[in-house]
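Trainee: Residue strings, one per chain:
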Amino acid sequence: MIGPVLKVTDLKKAYGAIQAVGGVSFEVMPGEIFGVIGPNGSGKTTMFNSVLGQITPDAGKIELNGQDITHKSPQQLNQLGVGRTFQTLQVFGKMTVRDNLLVAAQEHQGSMWSRLFAPGDSGLGDRADALIDQFRIRHVAHKKAGELSYGQQKLVDIAMAFMSEPDLVLLDEPCAGVNPSLVGGISSLLKQLNQTRKGSFVVIEHNMDFVMDLCHRILVMVEGKVLAVGTPDEIRANKAVLDAYLGN
Amino acid sequence: MKKLPLISGLAIAAILLAAPPFLKNYGIYLFSYWMVFVIATMGLNLTVGYAGQKSLGHAAFFGIGAYSVAILMQAGHSFWLGLALAVVACFVIGLALGFPALRVQTIYLAFATLGFNTAIWLVMRNEEWLTGGTFGINNIGRPSLFGLSLDGPLAYYYFVLGVTVLMGLVQWKLLSSPWGKAFTALRDNPIRAESLGIHIQGYTLLSFAIGAAYAGVAGALFASLVQFIEPAPFTVGASIMMYLMVVVGGPGYFFGPLLGSAVGVLLPEWLRFAQAWYLFIFGAAVILLMLWLPDGLLSIPARLAAKRQAREASAARAAAAAKLGS
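Residue numbers (this note's numbering), protein chains in the order written: chain A, 1 to 248; chain B, 249 to 574.
No lab work stands behind these hints, which were simulated from the structure alone. Bear in mind that the values here come from a model prediction, so they are computed numbers and not experimental data. Where is the CB? At the ideal position from N, CA and C, for every residue including glycine. One or more of the hints may lead you astray.
To give a feel for the contact side, a few chain A residues facing chain B, derived at Cβ under 8 Å [unchecked claim]:
{"no.": "1", "residue": "TYR15"}
{"no.": "2", "residue": "ILE18"}
{"no.": "3", "residue": "THR70"}
{"no.": "4", "residue": "PRO74"}
{"no.": "5", "residue": "LEU116"}
{"no.": "6", "residue": "GLY177"}
{"no.": "7", "residue": "PRO180"}
DSBU-like cross-link-like pairs, simulated, lysine-lysine; straight-line CA separation at most 35 Å [unchecked claim]:
{"no.": "8", "chain 1": "B", "residue 1": "LYS272", "chain 2": "A", "residue 2": "LYS144"}
{"no.": "9", "chain 1": "A", "residue 1": "LYS72", "chain 2": "B", "residue 2": "LYS421"}
{"no.": "10", "chain 1": "A", "residue 1": "LYS94", "chain 2": "B", "residue 2": "LYS272"}
{"no.": "11", "chain 1": "B", "residue 1": "LYS555", "chain 2": "A", "residue 2": "LYS94"}
{"no.": "12", "chain 1": "A", "residue 1": "LYS94", "chain 2": "B", "residue 2": "LYS421"}
{"no.": "13", "chain 1": "B", "residue 1": "LYS302", "chain 2": "A", "residue 2": "LYS94"}
{"no.": "14", "chain 1": "B", "residue 1": "LYS421", "chain 2": "A", "residue 2": "LYS225"}
{"no.": "15", "chain 1": "B", "residue 1": "LYS272", "chain 2": "A", "residue 2": "LYS143"}
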C-alpha cells in the first residue's frame, strides 16, 4: 500500500495566549489535490507556514514521504521536493520571465561549485520553455517579470513552483487578486499539471467555486482546529461547515 | 537606441587604449588610479548591487590588499606573492565579515561593516612593527611580467588595464552562470529565493568574500601604483566613497563601476579649475545625481524607455477613447 506524501500529526502553534493551530492532523495522498479552507483567522496560513518551515511549530510531527521534516528549513524542504507559492506575488521583478523559471530549479542541478561553471540556463532551458508554453506566457517570456500585469505575474509565480518538478506543491491563495476570467484558467492549468506530473497539491483558497471544482478532498479549519475533512460533496452537505461560514 | 551601448563601449575602450600615450605622467597616473578603483568597485558592486548586501567596510579590504603587497615586497618577496596573499586573505576575511549579514540586514549590517573597517584601520595605524603606522611603507616596487619591466607609468597603466579587463571577464562569467541569478534572487527576494532551494547563507557569504577579493587585487595594484602607503586611504570615508561610486554608476549594472569610478576619481580632478569651490561643486553634482537618478547613471536608458512606453500607452488610450466617442 502506498503511504501519504504529506502526513501532519497533532500540529500545534500558539502566539502568546492565542492558539493559532491547536492539534491539526491530516494526510495528503499521492496525486491528490487537497484543499484547505476556513474563515479568516482560522489558522490556515500558520499551519501552512509550519509545514513549509517558515515558522517553528510548538508541537506535532510533519512527514514527507515518511521522512520527518518537522524542523527543516524552507531551502531544505525545496531540495526534498516541496514547491510553494505565497499569498502575495513573489516573482523576481528585475529578471525576465524565463530567468525566473530557470532560477526556480537551478539549485537542483549539480553542486554549488559545479553551478559556477554551468551554462546560464543550468541545462533547464527546455523544461522552462515547456512550462512557458503550458502557461501561455510565451509572448512575455523575455520581458522583465516586474513589467507584467498582475495576472501574468501570478501565472509566472505558479509556474515557478512547478519548475523543479516537486512531489508536493503548496499553493497559498492562487486566485487572490486575480481577474475572475483567469480563475478558470488557473484551475485548468492545475488540473493539467496534476494529470501530467502526478504530483500532490495542497491549496489554500477563499474562492469556494474554485476549491470545490479543483480539489479531490477538502479540510475545513475553524479556530485552529479541523472541523471536517471530506470530498467537495461531503463538505457542501456538512451543516457544521455551513454554520462556521454563515454563522449559526 | 540598441546600438548606443555598443558604440559607448567601443568609444570607452578606444579612449582607455589610445589616450594614455598622449597624456603626461599625471594623466597616466590618474587613468591607472581610475582602473584600480574600477576593480575595487566591481567587487563592491557584486556585494551591494547584485547580492543586495550593505557594506561600508570595502576600503579595509583595499587596505589589506595594499599592505599585503607592501609588507611582502619590503621583506624581499615578489609582487605576485603579495597579490596572491592579498586575494586569499581578503577572500577569507570577507567570508568572515559575511557572517553578520546572516543575522542583520540594511543599516545594521552597514554599521557592522563600518565597525570592521574602523578596527582594520586602527591596526594599520597602531601596529607600527608591521605596517609602519602613520609613517607608512615607502619604496614599494612594481612587478615585472615575463621579464618585461612594468616600472614606467605607461607600462604599469597597461598592466593595470589588462588586470581590469581580466577581472571584468571573470565577473562577467560569474554573473552569466547560475550564481549570477542566485545573487539577484537573493537581492530581490531572499524569502522566495530560499523557498526555491537557493542556499541564501552560502551566497551571502560568497558575495562578501568575492567582493573582498576584488578589493584585495585593487589594493595590491594600488600599492605598486602609488609606491607609498599609509592608513589614510583606507578609512571609513574611503569605503563610503567607494559605495558612492557604485551607486552613482548604477548598482547591479555591469559597467556601473567604470562610470561611477570615473565620477569619483576623474571628476574631482576635472573640477580643479574651480579651485576652492571644486569640492562644493562635486558635492552638489552628487546630490543632483541622487535626486534625479537614484539608480545611477546607467539607469538613464531604462528610464527613457519607460517614459517612451508610457507616452505610447497614453497615446493608444487617447486614440481608443476618441474612436469610442466618434
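Trainee: Give a verdict on every hint.
Mentor: Hints and how they fare:
1. TYR15: 19 Å, violated
2. ILE18: Interface hint status for A:ILE18: violated (24 Å vs cutoff 8 Å).
3. THR70: Nearest chain B Cβ about 17 Å off; hint violated.
4. PRO74: 5 Å, holds
5. LEU116: 5 Å, holds
6. GLY177: 17 Å, violated
7. PRO180: 23 Å, violated
8. B:LYS272 <-> A:LYS144: Distance ~46 Å between B:LYS272 and A:LYS144 Cα, so the pair is violated.
9. A:LYS72 <-> B:LYS421: 33 Å, holds
10. A:LYS94 <-> B:LYS272: 43 Å, violated
11. B:LYS555 <-> A:LYS94: With Cα atoms ~17 Å apart, B:LYS555 and A:LYS94 stay inside 35 Å; holds.
12. A:LYS94 <-> B:LYS421: With a Cα-Cα distance of about 19 Å, the restraint between A:LYS94 and B:LYS421 holds, given a limit of 35 Å.
13. B:LYS302 <-> A:LYS94: Holds: B:LYS302 and A:LYS94 sit about 19 Å apart, inside 35 Å.
14. B:LYS421 <-> A:LYS225: 52 Å, violated
15. B:LYS272 <-> A:LYS143: 47 Å, violated
Hints 1, 2, 3, 6, 7, 8, 10, 14 and 15 from the list above are not met by this structure, while the remaining hints are.
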